[in-house]
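2 protein chains.
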Amino acid sequence: MKLQKRQARPNGEDRLAEIYKIAAQIICEKGFDATSMNDIADAVGITKAGIYHYIPGKKELLFEIMNYGMDKLDRAVIAPARAITDPEERLRSIIANHCRLLTGGSTPQGHNPVSIVNDEVAALTPAHRRKIVQRKRAYVDLVRKTLRQLKDDGKLKDVDVTVAAFSLLGMMLWLSRWFRPDGRLQRDQVVEEVTKVALGGLLRPSARFVAR
Amino acid sequence: MKLQKRQARPNGEDRLAEIYKIAAQIICEKGFDATSMNDIADAVGITKAGIYHYIPGKKELLFEIMNYGMDKLDRAVIAPARAITDPEERLRSIIANHCRLLTGGSTPQGHNPVSIVNDEVAALTPAHRRKIVQRKRAYVDLVRKTLRQLKDDGKLKDVDVTVAAFSLLGMMLWLSRWFRPDGRLQRDQVVEEVTKVALGGLLRPSARFVAR
Numbered sequence: 001m002k003l004q005k006r007q008a009r010p011n012g013e014d015r016l017a018e019i020y021k022i023a024a025q026i027i028c029e030k031g032f033d034a035t036s037m038n039d040i041a042d043a044v045g046i047t048k049a050g051i052y053h054y055i056p057g058k059k060e061l062l063f064e065i066m067n068y069g070m071d072k073l074d075r076a077v078i079a080p081a082r083a084i085t086d087p088e089e090r091l092r093s094i095i096a097n098h099c100r101l102l103t104g105g106s107t108p109q110g111h112n113p114v115s116i117v118n119d120e121v122a123a124l125t126p127a128h129r130r131k132i133v134q135r136k137r138a139y140v141d142l143v144r145k146t147l148r149q150l151k152d153d154g155k156l157k158d159v160d161v162t163v164a165a166f167s168l169l170g171m172m173l174w175l176s177r178w179f180r181p182d183g184r185l186q187r188d189q190v191v192e193e194v195t196k197v198a199l200g201g202l203l204r205p206s207a208r209f210v211a212r
Numbered sequence: 001m002k003l004q005k006r007q008a009r010p011n012g013e014d015r016l017a018e019i020y021k022i023a024a025q026i027i028c029e030k031g032f033d034a035t036s037m038n039d040i041a042d043a044v045g046i047t048k049a050g051i052y053h054y055i056p057g058k059k060e061l062l063f064e065i066m067n068y069g070m071d072k073l074d075r076a077v078i079a080p081a082r083a084i085t086d087p088e089e090r091l092r093s094i095i096a097n098h099c100r101l102l103t104g105g106s107t108p109q110g111h112n113p114v115s116i117v118n119d120e121v122a123a124l125t126p127a128h129r130r131k132i133v134q135r136k137r138a139y140v141d142l143v144r145k146t147l148r149q150l151k152d153d154g155k156l157k158d159v160d161v162t163v164a165a166f167s168l169l170g171m172m173l174w175l176s177r178w179f180r181p182d183g184r185l186q187r188d189q190v191v192e193e194v195t196k197v198a199l200g201g202l203l204r205p206s207a208r209f210v211a212r
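Protein chains in written order, with this note's numbering: chain A, 1 to 212; chain B, 1 to 212.
If you are wondering where the hints come from, they were derived from the structure by calculation, not from laboratory data. Just to be clear, a hint being listed does not mean it is correct.
All copies of an identical chain are treated as equivalent in the list; a pair is satisfied when it fits inside any one copy or across any two copies.
[Unchecked claim] SDA-like mimics (lysine to any residue), calculated; alpha carbons at most 20 Å apart, straight line:
#: 1; residue 1: 30; residue 2: 43
#: 2; residue 1: 58; residue 2: 41
#: 3; residue 1: 155; residue 2: 195
#: 4; residue 1: 155; residue 2: 138
Assemble the whole structure, with the sequences as input and the hints as a guide.
As structure tokens, this is what we get:
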């Protein structure tokens, strides 16, 4: 029984991850309102009863997609950043990894579960919303702390740390609205250019152009 | 008859503007999905039949709110910018006016019809969506044209004009997600700080610090 569960688990998780990804794409395209559990079941290729085996309802699905998006942010951006002591290096890591994550969608629209986190919070139940807001706040705090350290080190421009943090987040998060994987610019180019604009707006030239 | 119409018009327009504003607030708070025509009628203080006198349905209301938001953007940002020949001055005008518009909401949440334009496009009918996308594109083109002129003048940093345009838009538009009129920072301070980050990221120091 135990063995069976262990064997079955990875497949179940893969299946869930696949459902979240596909559901996120549909919700991005149609909006949460216009998306039915039927649409998602059809796209995944299972019956409506089948999808309710994995997820109890549409609002729960949205919450799970957001948690899945936040898990990805944790793994790809937050955990690597926390391991870096130097605040400038940490900032560069945050920008590069977050931009890469946001431009890593597999559809031509570039949609991925990470962008859903920001766009459909109003549709969550109050209890779920609190949890997602808490996870997002932890990330904002990490960005803000990093900028505050840079300010203490004299490396940040003379700008308010909170405004700087949200301006940076806005710049990055907007990527999920405009970036297209099939567009003129390659993903790496876009990440590099956004990094240039962001660091140019935040860091003093002396910090940015050391040894150039 | 003609005179009556002329006299009645401003009141009708005021009433409509009021409905759009209140509906925009409710949609921002609850999401378009969860907002009913009844909620809006209640908040405006008219009957459900009364609101259908002004607006045929919820989807049409969303379209009208977005047009109303774009009208505000036209008047407050686009028209003044088009009147400015010098691209650097035009960029500064765009940033200041757009940031002021986005932070000018009358509720503690700072919500206003301008932010709806970006967040609920998926809920529009395809024909309406095309119209809103067209109006938004005209604005993006103005920003991009301004940055291209600055590049030609050697005032823009070595960044891709499209990435620069969308990074700037992301920075500004994110204001409607995080700025709170009752927060620590005054509206004018926030506008000034965002302007500093934006110009620091986009313009070469020589262009920014002339005569300082």
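Subject >> Violated hints - listed by number, lowest first >> reply: As far as the earlier hints go, only 4 is violated by this structure.
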